[in-house]
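The lines below spell out each chain.
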Amino acid sequence: MAMRILARAAGVALLACVALAGPATAQGTIKIAYTDPLSGPFAQVGDANLKQMQYILDYINSKGGALGKKFELVPFDNKSQPSDALIALKSATDQNIPFIMQCSGSNIAAALIEAVDKHNSRNPESRIIYVNCGAVATELTNEKCSFWHFRFDAHVAMKAEVMARALPKEVTKVYLLNQDYLFGQSVQRDVKAFLAKLRPDVQVVGDELIPLGKIKDFAPYITKIKASGAQVLITGNWGPDMNLLIKAGIDSGIDLRYYTLYAHIAGGAVAIGPGGDGKVRSVMSFNENVAPEIGNKEAEEWTKAFRDKYPFDFYAAGFRTIFEYLQEATNKAGSADPLKIALALEGLKHKDFLGYETVMRKDDHQLISEYFVGTFKKGVKYDSEKTGLGWATEATILAKDLEQPTSCKMTRPAK
Amino acid sequence: MSNAISLRGVTKSFGRTEIIRGVDLDIPHGQRHAMIGPNGAGKTTLFNLISGRFSLTSGTIELNGRSIDGLAPHEINRLGLSRSFQITSIFPRLTVFENIRCGLLWARGYRYSFWHLLGGQRALNEEADRLIERLNLEDRRNVPAGLLSYAEQRALEVGITVAGGAEIILLDEPTAGMSHSETEYAVALIRAVTEGKTLLIVEHDMSVVFGLADVITVLVYGEVIASDVPARIRGDKAVQEAYLGTEAA
Amino acid sequence: MEVFLVSLLNGLVYGMLLFMLASGLTLILSMMGVLNFAHASAYMLGAYFAFTISQYIGFWPALVLAPLLCGTIGAAIEMYGLRRVHRNGHIAELLFTFGLALIIEKVVQMTWGLIPVPYRIPAGLDFPLFTVYGTQFPAYRAFMLLISALMFGAIWLGLTRTRIGLVIQAALHHPEMVGALGHNVPRVFTTVFAAGTALAGLAGVIGGNYHVTEPAMAFTMGPIVFVVVVFGGLGSLTGCFIASLLMGLIQTFAVVLDYSVADLLKWFGFTVTSATPFHEVLTVPLPRIGALLPYVLLVLILVFRPRGLMGTRDT
Amino acid sequence: MSADATQRAPQGRTLSAAPGSAGLARRAWPWLVAIVAALLLPWLFFDWSTHRHSGFALTMLSEIGLMAIFALSFNMQMGQAGLLSFGHAILFGLGGYCAAHTMNAVKAGAMWLPVELVPLVGGLGGLLFGVLFGYVATKQRATAFAMITMGLGELVAACALMFMGFFGGEGGISTDRVIGISLFGVSYSSSWQVYCLVVAWTAIAVLLMRLQTQTPLGRMANATRDNFERAQFVGYDPRMVRFCQFALSGFFAGIGGGLYAIVYEIVTFDTVAAAKSATALLAAYIGGAGGFFGPFLGTIVVVLLQSGVSLLSNAWLLYVGVLFIVMVMYAPGGLVGIIAQHAPIARAGRLRELIVPYVRILLPGAFSVFGFVLLVELASFTTIGAAQGKAFKIGPQAVDPATAFPWLLGAAALIGGGLWLRLEARGFRARWDALMADAKAKGVML
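Protein chains in written order, with UniProt numbering: chain H, 1 to 415; chain Y, 1 to 249; chain D, 1 to 315; chain E, 1 to 446.
Some hints could be false.
[Stated by the list, open to error] In silico BS3-like pairs for lysine-lysine, Cα to Cα no more than 30 Å straight-line:
hint: 1; chain 1: E; residue 1: K107; chain 2: H; residue 2: K144
hint: 2; chain 1: H; residue 1: K279; chain 2: H; residue 2: K70
hint: 3; chain 1: H; residue 1: K349; chain 2: H; residue 2: K70
hint: 4; chain 1: H; residue 1: K197; chain 2: H; residue 2: K279
hint: 5; chain 1: H; residue 1: K309; chain 2: H; residue 2: K197
hint: 6; chain 1: H; residue 1: K409; chain 2: H; residue 2: K381
hint: 7; chain 1: H; residue 1: K297; chain 2: H; residue 2: K381
hint: 8; chain 1: D; residue 1: K266; chain 2: E; residue 2: K139
hint: 9; chain 1: H; residue 1: K197; chain 2: H; residue 2: K173
hint: 10; chain 1: H; residue 1: K216; chain 2: D; residue 2: K266
hint: 11; chain 1: E; residue 1: K139; chain 2: H; residue 2: K118
hint: 12; chain 1: H; residue 1: K144; chain 2: H; residue 2: K90
hint: 13; chain 1: H; residue 1: K144; chain 2: H; residue 2: K192
hint: 14; chain 1: H; residue 1: K378; chain 2: H; residue 2: K216
hint: 15; chain 1: H; residue 1: K340; chain 2: H; residue 2: K362
hint: 16; chain 1: H; residue 1: K349; chain 2: H; residue 2: K69
hint: 17; chain 1: E; residue 1: K107; chain 2: H; residue 2: K90
hint: 18; chain 1: H; residue 1: K409; chain 2: E; residue 2: K107
[Unchecked claim] Quick list of the computed label-pair ranges, beta carbon to beta carbon:
hint: 19; chain 1: D; residue 1: G89; chain 2: Y; residue 2: E184; range: 31 to 41 Å
hint: 20; chain 1: E; residue 1: I415; chain 2: H; residue 2: K351; range: 56 to 66 Å
hint: 21; chain 1: E; residue 1: G109; chain 2: H; residue 2: S335; range: 32 to 42 Å
hint: 22; chain 1: E; residue 1: A110; chain 2: H; residue 2: R165; range: 38 to 48 Å
hint: 23; chain 1: H; residue 1: T29; chain 2: E; residue 2: S190; range: 26 to 36 Å
The set of hints was computed from the structure by calculation and includes no laboratory data.
We put the CB at the ideal spot given by N, CA and C, even for glycine.
Make the full structure from the sequences, and use the hints.
Okay, structure coming up:
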């Protein structure tokens with residue numbers, strides 16, 4: 001009987017040998033390594049991102065790719081572990097892949113920034129650019145900024161400003177509830193700072209930190225929020241911590257509006273459900289109703305094509321901006337050399353597919369683009385996750401209003 | 001200081017059941033002392049009290065004139081008392097040699113050392129091997145103890161108990177379940193390895209008891225009903241009534 | 001007063017949900033000695049089964065069918081898996097259930113997808129039952145309380161009034177005695193494991209729509225259930241019941257009480273000063289670490305009273 | 001307890017005589033071979049066209065080295081002392097944090113320490129926390145110990161996110177191994193140099209742990225595992241034995257953590273999290289907790305699964321789950337157990353006669369594995385992978401998973417292979433029993 005295991009072990013060893021040899025890839029493409037959790041409890045994030053990126057890349061490639069080559073995505077599962085992300089990085093640099101992309105988790109982002117920096121200075125022959133598509137800790141383009149790191153998502157402080165700007169006039173009492181780690185703490189700090197600056201009339205009646213992913217019942221928090229008399233709950237929570245929080249609030253029937261950063265991400269709509277009609281807002285770079293709202297037929301068609309093809313929402317269409325930047329910078333650099341591309345990316349201006357102006361700021365490599373606040377409600381053109389409700393744009397904050405100062409002191413490599 | 005073990009008014013209750021009811025007992029140095037009594041008389045419980053496995057309900061127990069109240073079993077062991085178990089208690093996944101050596105380690109001062117390599121401790125290893133030879137287990141030296149036959153395990157148990165050279169030895173039915181010849185060998189072994197030591201032994205086999213003991217104590221229902229030299233115990237009416245009469249038949 | 005009453009109700013609801021999960025594990029752990037890591041997976045399966053069944057024939061049949069399905073799976077696992085592994089020791093059993101948990105999670109992901117499924121509270125129960133100081137108390141929570149109370153009663157009757165129940169009860173106190181009693185040990189084990197799994201499934205059915213039904217729900221619920229079981233004590237359903245309510249209430253009240261652990265310890269006679277190790281940790285306000293409190297209690301009780309609250313023997 | 005000889009193999013051969021120089025050489029050569037092999041292995045992946053080492057292979061091999069230390073230190077508790085810990089990673093991770101802080105201090109000029117000794121700092125950190133947590137945890141044993149370590153693990157992991165000072169929050173503590181101080185004048189800027197350091201420390205740590213099993217403490221840890229009550233009556237306080245063993249295992253776990261800090265140049269809360277602890281448990285069990293080197297073998301398998309197979313399939317966790325279940329059901333002694341079962345036959349000199357039977361069962365085995373993998377991948381592809389815009393391929397051949405053909409093929413391979421395997425297994429078992437009987441007759445069982 002023990003032999004059956006041997007057989008299986010042999011199979012595994014075989015697979016492993018193949019793995020060690022490195023994933024075989026087609027020649028003549030420009031590869032982009034992508035690492036995020038693709039298995040385990042957080043797999044949904046990476047998986048949904050991957051599908052949307054693939055759709056966008058197919059489109060970009062149909063428009064000619066760059067330097068006459070196509071872009072190719074090479075996914076690596078990092079299981080939410082920085083060490084695995086670094087192994088992915090090694091694998092990418094072994095294959096001379098010019099880009100590594102990562103969206104989920106500022107801990108992994110911090111590890112990657114450091115590792116890419118060190119790798120590029122130690123191994124100038126196989127440099128790589130880190131494309132950050134969603135790790136939003138503010139310091140990554142401030143104190144911890146790096147020449148090789150380009151962030152294509154608004155950071156926490158920017159999102160906090162979006163939130164403060166979008167807060168309706170009649171709101172005077174807000175409650176803050178965030179996860180007790182770097183990200184949640186900075187949401188807490190930045191929201192308070194921007195409320196004080198932009199909305200001195202607003203009073204923070206409660207301010208709470210909760211352990212990450214440990215709370216199973218949010219009813220007690222709702223009780224406390226109710227008792228505080230808050231009109232709005234601002235939260236940076238994501239995953240179960242957000243889903244359960246909003247669900248508990250809606251179930252208790254209290255009159256409260258929820259301002260979130262991640263309610264529009266995969267799974268949010270289902271978790272909130274019809275009870276959340278008109279109650280939940282989310283700060284987002286895109287939603288499927290933006291295009292019809294601003295009357296951009298082309299963008300709407302392109303978005304709809306994704307919906308028709310895949311069984312879930314196209315919330316990350318903003319990734320298109322990323323790939324268009326990479327496309328443009330690569331063409332401008334005239335080669336796939338990461339240093340040349342990085343220099344081409346600096347200060348690059350680009351009109352995104354919705355028609356808004358964006359810029360990759362040279363000082364800190366932070367993309368400055370427009371941002372939206374959406375309301376989750378009935379009666380929108382494109383609903384979310386088949387719930388009958390969807391995101392309607394409530395406020396659009398333009399790039400020029402999000403130009404925040406940076407403390408970044410970047411060291412640039414000698415040319 | 002003349003007594004190795006001294007019990008005064010020892011009682012032990014489990015819940016409301018009193019198992020040991022006021023036992024007084026003195027065992028002088030160098031005596032071979034046997035304890036007999038019917039099943040459930042509390043012999044093993046008394047062993048457990050003396051060796052610190054159970055705590056006393058009331059009374060005092062002294063070893064060499066020192067109270068053992070509140071001491072943990074290993075502390076009592078370090079005072080020079082070693083015991084065996086009725087149900088074989090060895091280290092089944094270690095070899096016979098290592099079992100014996102474990103019995104020696106503390107006594108030879110190795111304590112919790114992680115800087116001595118046992119392979120290099122020649123004196124220690126030779127001592128263990130000598131004891132194994134005396135136990136007649138040299139053929140089985142490198143066999144895991146769990147694979148030994150029952151009689152071999154009992155011999156090993158005695159070996160572990162006496163290995164450290166404790167001054168006071170408590171043996172709980174060392175020959176239980178052995179064949180006649182095995183018993184004979186075991187008794188000779190016990191006699192040899194406990195030479196000059198204080199021995200307290202619980203035994204059901206009367207030939208062992210009367211062959212080995214200097215003094216016999218009879219325990220019935222948690223009380224000492226007699227304690228005397230073998231010849232007089234044999235003639236004791238109360239003992240015969242309570243115990244020997246039925247058992248000897 | 002307002003906050004107190006509402007928190008009390010919330011704590012009860014959460015505690016009873018915990019109890020539903022933990023009672024099954026108490027039975028399994030106490031009798032079979034299996035640290036069943038797949039227990040929370042059964043909770044998840046219960047929720048997903050209920051979701052699928054309720055899509056076709058409604059919530060009420062699902063309330064019965066889903067736990068039965070979970071129980072059947074549990075029985076199969078015990079008969080064809082655990083029983084084989086049993087002779088290889090407890091660590092093997094534990095790893096077996098660990099592997100099982102991994103497989104169940106992946107299978108759930110492959111069957112129902114990675115994102116949460118819209119498992120909703122049945123329309124018949126989706127209304128506010130009453131309003132306390134302006135906060136609605138949903139009827140569904142009352143229903144959860146009712147179900148768990150009924151379940152507690154049913155287990156109690158089952159254990160005290162049926163033959164197998166009496167055997168199980170005896171075995172809870174002296175697991176080594178089951179065989180000696182001349183009973184069919186494998187059958188008793190299968191029954192217990194199936195029943196425990198079914199209970200977890202039931203918890204999933206009524207907890208899945210109260211919370212969110214998603215592939216990570218087992219992962220997040222797992223450790224806390226162990227805490228409840230060990231805290232309550234092995235072999236004691238009553239202990240488990242009290243521990244569940246206690247954990248529910250502690251976590252609920254921890255949120256509304258702005259004190260630090262240092263203050264709590266003072267209550268028990270420990271004074272925390274700046275010289276105390278970990279004083280930085282101990283002086284953090286309670287709401288911030290409310291969810292960690294169970295683990296603190298777990299460590300404390302195991303160090304000072306290893307048999308747990310009402311356990312019949314040491315853990 | 002299973003009665004296979006594997007469990008006892010390490011204790012079975014104790015040298016009672018002091019090691020002579022000949023004996024030393026005899027026992028040293030496997031170590032030397034292993035070290036040389038470890039140093040040669042990366043050259044298999046060397047890219048001769050660019051004259052570069054494969055960073056991926058080096059990092060993976062380094063990961064194997066440091067995780068092997070971690071798994072072996074875990075086994076100092078589980079295998080040697082019978083203490084099942086669910087929170088062993090806290091010792092590993094805290095050691096790593098200490099090492100990272102130290103490197104930063106050295107880099108900042110606040111202290112002097114060569115890179116080569118940084119793992120030692122990690123070890124001392126692990127020892128310190130091992131003493132601290134060991135004091136609490138080793139008050140109990142068995143399940144209570146497991147639960148205490150679980151509680152401690154959860155608490156430390158949560159603290160690692162909450163308290164910025166020592167843990168650096170979510171971003172962790174990043175560091176730079178190129179601190180300019182080296183005993184051998186090496187910069188450690190390349191992965192190859194780091195790998196050599198990892199090999200050296202792995203060899204040292206493994207050797208020390210191996211030797212520790214032959215010390216009085218190591219032996220008494222075995223004794224308390226086997227029978228904690230008996231250990232008391234030979235004068236040992238089992239709690240103290242547990243405590244010392246726990247603290248020492250913290251030392252070695254900390255060395256692993258220190259190497260982690262050097263290899264990855266960042267230490268985050270993931271290093272103290274439950275998943276890391278689980279990895280050690282799995283490695284120890286798969287490899288075989290009964291033998292000393294089992295966890296080493298297990299680590300190789302687990303790291304290859306985690307970092308290798310996960311690149312190929314996002315259903316890798318499912319394979320891990322199945323592997324464990326199959327292992328605990330059919331090979332409770334782990335890989336080392338399987339190997340050790342062959343020892344009597346090898347001693348009887350008839351191992352060669354097993355080759356043909358093995359081929360005969362491996363063939364259907366491979367078939368059923370192929371069928372199983374195919375079915376899982378198909379299911380995974382249709383529900384998760386399809387939308388990633390890739391085609392499903394069996395080898396070079398693209399297959400449409402929407403058609404019945406691949407599913408039928410998978411099912412046929414699985415079921416057919418399974419039935420065939422059952423058939424062949426009978427013959428194999430007969431052959432095996434015959435050879436074992438022969439070994440028994442020759443008296444080479446032990």
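Out of the numbered hints, which ones does the structure contradict?
2, 5, 6, 11
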